[in-house]
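Enquirer: Each chain, written out:
Protein chains: 4
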Amino acid sequence: MSFGSDNWAGAADAVMATLAEANDGQAPAYGDDAWTGRACDLLRQWFERDVSVFFVSTGTAANSLALALYSKPGGAVMCHVDAHLARDEAGGPLLFAPGTQLDVLDGAAGRITTEGLSARLAQYPPGVVHHGRPAVVSITNVNEIGQCYTAADIAELAALAHGRDCALHMDGARFANALAHTGAAPADITWRAGVDVLSLGFTKTGGWAAEAVVLFDTALREDAAYRHKQAAQLFSKNRFASAQFVALLRDNHVLGLAGHANAMAARIATTLEASGAASLVMPTQSNEVFAFVSPEAVARLNAAGIVCAPYGFRSAFIPEPPQDGWELRRFVASFRTSDGEIDALAKALAG
Amino acid sequence: MSFGSDNWAGAADAVMATLAEANDGQAPAYGDDAWTGRACDLLRQWFERDVSVFFVSTGTAANSLALALYSKPGGAVMCHVDAHLARDEAGGPLLFAPGTQLDVLDGAAGRITTEGLSARLAQYPPGVVHHGRPAVVSITNVNEIGQCYTAADIAELAALAHGRDCALHMDGARFANALAHTGAAPADITWRAGVDVLSLGFTKTGGWAAEAVVLFDTALREDAAYRHKQAAQLFSKNRFASAQFVALLRDNHVLGLAGHANAMAARIATTLEASGAASLVMPTQSNEVFAFVSPEAVARLNAAGIVCAPYGFRSAFIPEPPQDGWELRRFVASFRTSDGEIDALAKALAG
Amino acid sequence: MSFGSDNWAGAADAVMATLAEANDGQAPAYGDDAWTGRACDLLRQWFERDVSVFFVSTGTAANSLALALYSKPGGAVMCHVDAHLARDEAGGPLLFAPGTQLDVLDGAAGRITTEGLSARLAQYPPGVVHHGRPAVVSITNVNEIGQCYTAADIAELAALAHGRDCALHMDGARFANALAHTGAAPADITWRAGVDVLSLGFTKTGGWAAEAVVLFDTALREDAAYRHKQAAQLFSKNRFASAQFVALLRDNHVLGLAGHANAMAARIATTLEASGAASLVMPTQSNEVFAFVSPEAVARLNAAGIVCAPYGFRSAFIPEPPQDGWELRRFVASFRTSDGEIDALAKALAG
Amino acid sequence: MSFGSDNWAGAADAVMATLAEANDGQAPAYGDDAWTGRACDLLRQWFERDVSVFFVSTGTAANSLALALYSKPGGAVMCHVDAHLARDEAGGPLLFAPGTQLDVLDGAAGRITTEGLSARLAQYPPGVVHHGRPAVVSITNVNEIGQCYTAADIAELAALAHGRDCALHMDGARFANALAHTGAAPADITWRAGVDVLSLGFTKTGGWAAEAVVLFDTALREDAAYRHKQAAQLFSKNRFASAQFVALLRDNHVLGLAGHANAMAARIATTLEASGAASLVMPTQSNEVFAFVSPEAVARLNAAGIVCAPYGFRSAFIPEPPQDGWELRRFVASFRTSDGEIDALAKALAG
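Protein chains in written order, with our numbering: chain A, 4 to 354; chain B, 4 to 354; chain C, 4 to 354; chain D, 4 to 354.
Next up, chain A with everything else stripped away, as it sits in the complex (with noise of 0.2 Å):
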């Protein structure tokens, strides 16, 4: 059993349904084909305008794509020092798009902010070549310590990174995680909220190799579209990608998995805290819950071989273990965990 990552969980029934179904017959190559057609359309209802969608085979794919198009020569991305794409992507965003400087700041409960943005956009004048100049502002949503950004606090850094010629970038591995928690539609946190281009990431709420880059500002279509394919990211059976995101989009069945993941992971967190020998590090947003664990906890879990990786952050906003020798741990929910899962995480932590 585990809650190692929600990529341990594998595709949605819907998504090996739907799989199946678009497997019927011959259709063109290279996204010309009716499920991609589909696909797209669903997603411009669901962000209720047009959008440019590239469909890539992982989240790091989607992010280097992304930053790729709004890199400038001499151009730096700003991002959380714990973001995925600084610290879990070996170097992508910058192969991609080479050159490319990244600048990370720090900030609680993994989101930067508004002060944090707007001091570090200043170290960088205009016209000073030296340092280069900012380029992109990235952001994580859900981020990387499991917590989300409100519509208005994407507006805030939105207008930040406009005000300096950079894009925003949201990065959505998580996406759904968040629609989820936050309520809001898909618009509201993202273009509406001045969201540039997203990476949107189903693969963790039911996909098997769902990611796609959605583009919100559509002048840059034919720009992508070259770096797409020379970034060797378009599939020849491009309608396999496509289905998975029909499958899951249809009746916003990703919300529903993703809801369910979330409701799985307050579940273990109020477990966690009940008992007694783990400690939340902070409150559950998503369907990650980071706590400081027991040594003895640990050894509990390990026994029952109840998988939960332990994990590290560089911000300095996360807080030290309650006591010595605990572990920072994290727990991840996905749209197949089950109250069963979680009824044995209680047993096994009970000892």
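Watch out, some of these pointers could steer you wrong.
Ranges between beta-carbon positions, derived for each pair [stated by the list, open to error]:
1. B/40 with C/130: 35 to 45 Å
2. A/347 with D/162: 39 to 49 Å
3. A/306 with B/165: 32 to 42 Å
4. B/126 with C/130: 28 to 38 Å
5. C/40 with A/155: 42 to 52 Å
Hints were generated in silico from the structure; no laboratory data involved. No residue lacks a Cβ here, since even glycine has one placed at the ideal position from N, Cα and C.
Given chain A's structure and the hints, the job is docking chains B, C and D onto it.
Expert: Then chains B, C and D, alone, in the frame of chain A:
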């Protein structure tokens, strides 16, 4: 009805069934799962030796990664003027190994020759930094004109390449079709003949996104692993990539599928020739047929809704059309192509 | 004694004198000094319009920066098969604009032709992402075979390039020699004929490291400034770069130096022809002479310690040697070449 | 009068004289000349061992090439948060080694510490591809806050770096100032202490464009030669670059120039402190002085036309200003700074 490309076909039944099977339960992410282990084991059996395998999403990704692995400062990649990597990947291989020079050479039937390669290598005298230096020789098998290299062809090119400290790369987007045509064992036309790294593509032969870099020089395994991740090609739910390979390698299923496609292409070729309205560019050695087609026949195919793609080559070895106005067209058979479809082609050609 | 290359000559006396003058006192770094202002003003006068100027250290740097400025995702640079940037820069231009494809084409006398370019551009149908798309057309003037483009030649190529949203770049490593040969004004064979960006090289004509990117489309000035710095080409003590340009542009001094070199090359050509032991590859239009030389004459030159470089071209338009065993050699005159040296050449050839 | 930067000074007299000398006659291009041989020999004597030397045009070029030489797929470069390569090179080092991650760490007095480095390296567990892996540790000596590393400091960092298969790079833009301050031999604070590659900058100490990559691991010589050319850094008339080194290394002339600059900086520091209107940030160890200056004193300096640059650091170790409104300013002395200038500074401060 389409002979447009083998990637217009969906996935083989066995692939869909295995994907459904692989979806069961949780599994470690990023390739640490049992399906990935199984696929790698099957590939080791297939190639009769240890190999390092990196699953990727597209053929462009496989080629780009493979070349990048053997890139050098100032390095040049030599390939045929019509090579897919030179003509149809929007510069992808040059993005993943920045600074790499592509140095194309011509050769009859889409093959580079030992004479041609030898002369070209001589244009890079050792130590003359101005020209750069050879780094990789890349061949495609089945090549872009539908022709195969024999093990002997390959061994000669490998000797030349290795003599100048170059790797030999094979783009095997239709590798199974080459096996089916030549009857060679996978090892015979790869590492035993001197191939260092293979782009192994099963997408066109029954997968949906079944591409891998197969690295025979396992000393590069660690470097390759970091490149693979950085190149945004490490699937989180990798079991879905590897399960396709399991389905296609079990009982050498892929060879049967490729053999069927080749046989159907042979029938297409016969049908075209018999029609009097088409003239083959060269004898059929795979699942692709290139033919000059009379304008009247093109019109009849269009009227019948039969898709075949207009095609252009850069090679000086492509013959002139037998008559003015005849168009070069590509007809591709897949594992799904049926006798009925070829009967329909014959009928349409007959008018 | 050497006709090896015009970069075997040192710097012109005026350049050395001006460098000494420029060394006086303190001056702001990074191009904010008076000498740089003066050089830019002189260039504006020379080109009869506003230009943006970026001083760089090498011709490769100028070409790389110029191309990078106009690079696009999936973009291809079209140039002659013997272009310096394709053959003698170790892939530099591909490093500064990662992912750029070089697409070489042949043409008589080292020139690309409107027919050739037009046909090549047609191989990139708009919207077909697989091939990428044209981004830059680059020509060299004086070209690699020592021949010049006329203003009319350039205007025709520019029209084709601009028609496909491509920039026209000129590699002017021997720009002053082209001016001296054609009698054209600098503006006539650059922006007035449609050139967007020029690599202006004065190193071969009397500087010691006098290279610059001259950008006619000044809207790209800001992007170029960041690229220039990022490309490691912004000299801290830039006055020493710009002072060379001041020395060479004052009273059009560079034209005199180039004219001398051209005249000396004409004498070399006459001398070679008169010897009966050499056969010119084409009429002399600059300070470079390419000739097939008999093995006996080569031996006599070697014995006399006269250096001339063996040369190889890829162009199919280079004629066959008049007799077996005659070698293609390059003889280059510089601003320092003297009549006495050519007398010595004549004597050595006579044996 | 300016204490703005040591690159506001011109070139030393010996440099100008040697350049004039080097201008005599023809010489092979691209470093195959006698002056380059002489410079390399002098560097070998200076470093008391074989070294490979690559002359470049800027410090950014030296740093970028040096780091690229030791880059790896997924590789990270660790350096101080205020390192020139992280803050003042517009991402140059990331362009020359695409995909490289910069991972900055703080440390008192501009130095990275063994504790800090050790902790940071531990964040890259071997084999975890997601984070990438350490590739290079880079230190600046004299560092960006004007402080020196001792041989012992360096040896400790080198041991840590090498323990993780990382190279140790030294940015020696003011290397001679470090020698003059510490009294160490060049070998002592480089290869004997474990430095693998040095950016050796003599521009600030009397050259005009006198920068070189000094490679102690000569096994990388061939790779470096191709990178150097490809990076657009191989001067055609290289004798003019190497002659500067000859001038500065003959009789250790550069050490005298650096010693003078250091001594002048010491007088600046004393003068600032004595004025009561300024407070030193830290003790002076080179030719740079950082001080908080009162607003009144700033006004007096401005009125007197004395230039000193406002400065900002990111390090948390920079102290707070002694009083509100005092500004952090940098004063730099050069080989040309005179006692008279410092007298004028004292006078201006006194008001």
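Enquirer: A separate judgement is required for each hint: does it hold in the structure or not?
Expert: Verification of the hints:
1. B/40 with C/130: 35 to 45 Å: 42 Å, holds
2. A/347 with D/162: 39 to 49 Å: 47 Å, holds
3. A/306 with B/165: 32 to 42 Å: 54 Å, violated
4. B/126 with C/130: 28 to 38 Å: 36 Å, holds
5. C/40 with A/155: 42 to 52 Å: 49 Å, holds
The structure does not agree with numbered hint 3 stated previously, though it agrees with all others.
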